[in-house]
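Student: Protein chains in written order, with my numbering: chain A, 3 to 485; chain B, 9 to 103.
Some hints here could point you the wrong way.
[Claimed, not checked] Straight-line alpha carbon distances no greater than 30 Å define the calculated DSS-like cross-link-like pairs of lysine-lysine that follow:
{"no.": "1", "chain 1": "A", "residue 1": "K261", "chain 2": "B", "residue 2": "K64"}
{"no.": "2", "chain 1": "A", "residue 1": "K387", "chain 2": "B", "residue 2": "K47"}
{"no.": "3", "chain 1": "B", "residue 1": "K47", "chain 2": "A", "residue 2": "K266"}
{"no.": "4", "chain 1": "B", "residue 1": "K64", "chain 2": "A", "residue 2": "K395"}
{"no.": "5", "chain 1": "A", "residue 1": "K251", "chain 2": "A", "residue 2": "K21"}
Honestly, the hints are just simulated from the structure, not real lab data.
Nothing here was measured: the structure is a model prediction, and the numbers come from that model.
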Amino acid sequence: MMKLNQLTINEARQGLDKKEFTSLELTQACLKAAKEINPKVKALLQITDDLAMQQAKKADQEIKKGQVGLFTGLPIVLKDNMLLKNTITTGGSKILENYKATYNATVVDKLNNAGVIFIGKANLDEFAMGSSTENSAFDKTRNPWDLDRVPGGSSGGSAAAVAADMCIAALGSDTASSIRQPASFCGIVGLKPTYGRVSRYGLIAMTSSLDQIGPLTKNTEDTLSLFNLIQGQDKKDATTYKTKPVDIKCLMNDIKGVKIGMPKEYFIEGMDAEVREIVKQAIKKLEDLGAEVTEISMPLTKYALAVYQIMATSEIATNLARYDGIRYGLSAKEPTLQKVYGQSKAQGFGNEAKRRIILGTFALSAGYYDQYYVKAQKLRVLIKKEFEQVFKKVDCLVTPTTPSVAFKLGEKYEDPLTMYLSDIYTVPANIGGVCAISIPCGFDQGLPVGLQIIAKPFDEQMLFRVANNYEQATDWHKQKPEI
Amino acid sequence: MGFQEQDIEKLAHLARIELTGEEKKKFAEQISSILDYVKQIQEVDTSEVKDISHLKDLINIWREDEVKECQNVNEIIDQFPEKHGNFNKVKPVLE
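With the hints as constraints, model all of the structure from the sequences given.
Tutor: Below, the structure is given as structure tokens:
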């Protein structure tokens, strides 16, 4: 018998509509699971019981009145870099340890309006900078499949909360890998939408030109549903586009004749041989289902991570300058203004934040700006063009999400470059501004492996269609960790 | 590119952040190795790229410039590390 907290969005909706259980019961099941498992997994920085219970009671009243949408009464977890008014929102940083959000992020408003229940705020690498959630100032989240391993990052808390069934679904944010890599490591589905499709208003900024909010869920259909809820133009975010929700019927279409490209640069030496084999089998499966797979080449792929390093650190140095101890956040008690700035940042920021501020300040400094920042921006244009060219020939690309399965805590922590390399297959999608999804496609030594599907900008329906066809033919996404 | 501690010191000053001696030493090494990796971008010919703006197809989102009441004044003021009435109190900017 399935427990209530293990349900998917659709299963939970059906159960609520048929009055098999109430939203309060569903919420309590998630809160109970969260309280039992969180001390081990440390996925949530905060469990918002009071708010959740209050929202669940309200949802049950609405359900009684028959005023329901797909999400009425469903428990969701938010990554702790999304503002939820009057709730502590830390961004995983000590500098915001006591910061109470003064307004709602647009995605939070949309979830609220849809009648969602907020179960808690999920752990993350400080300001979403990292690939293991070890950079959080508060806790190191564990992978539910193996507590000695990382859940990935930076949305590691969101991914672990979904994999451990502390909630029905979660939101994360993805700048280089931060939804897809943890989804892959935790054996769930994660989507990085096209840049500009989901509002960033109220998302604590890391790399503004790359950051995107997206869903982490138990299957593809759930990802589609949550994506449809949060997508669309927002007057408060000038980088959003006027877009329509994806038609759920795309899931019904088979993939006969769909042209899939397999970029050879994503199957390079140095990646785990077993992961490569599992991903190749998954691609074979897509072929069996009728897709036409061809090997293609994207020679600029190998530069994406270097471009990212310059772009991200430059924008981080700029974005983090606001945490100066003046208007909110940690403020060092010092006699002069300069000392307040210097010490607030010294005491409030962790290692990764400091390192990126310094590197970004360098990339933007006089004498180096053209050589690094401008050069990286030019390469970004070329990488975008390379995607455009490829998508004239194929409908989507398939690749491994990561070069290896989840690594051990501490394994890469002291070596930033090695840590950055775990993003090597996910970062090109951010640089190219395209959309990409990671879905479970097997296990290597008991640890989940992810298949990444990449499609052209605003073609999320292609991702959902291919992913759902694969999912219907396999049962990897139904596997649950024993915690 | 070999970074020295004094290079890090200078950048830290530009970013208005204080670093310990140990941090400066560690960052000098780590940033040198990251830049060694990053320097590969120089090998790509980018001379054909003239315009580096991204999202060229984006159209401005306009709204009327209306005066609206701010709903969260008190919450914002509550966050001030130091205040004087409703004012945010800071150390002297000009000595």
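Student: Each hint should be assessed against the structure and marked as holding or not.
Tutor: Quick rundown of the hints versus the structure:
1. A/K261 with B/K64: holds, 28 Å
2. A/K387 with B/K47: holds, 21 Å
3. B/K47 with A/K266: holds, 23 Å
4. B/K64 with A/K395: holds, 23 Å
5. A/K251 with A/K21: holds, 27 Å
Violated hints: none; the structure is consistent with every hint.
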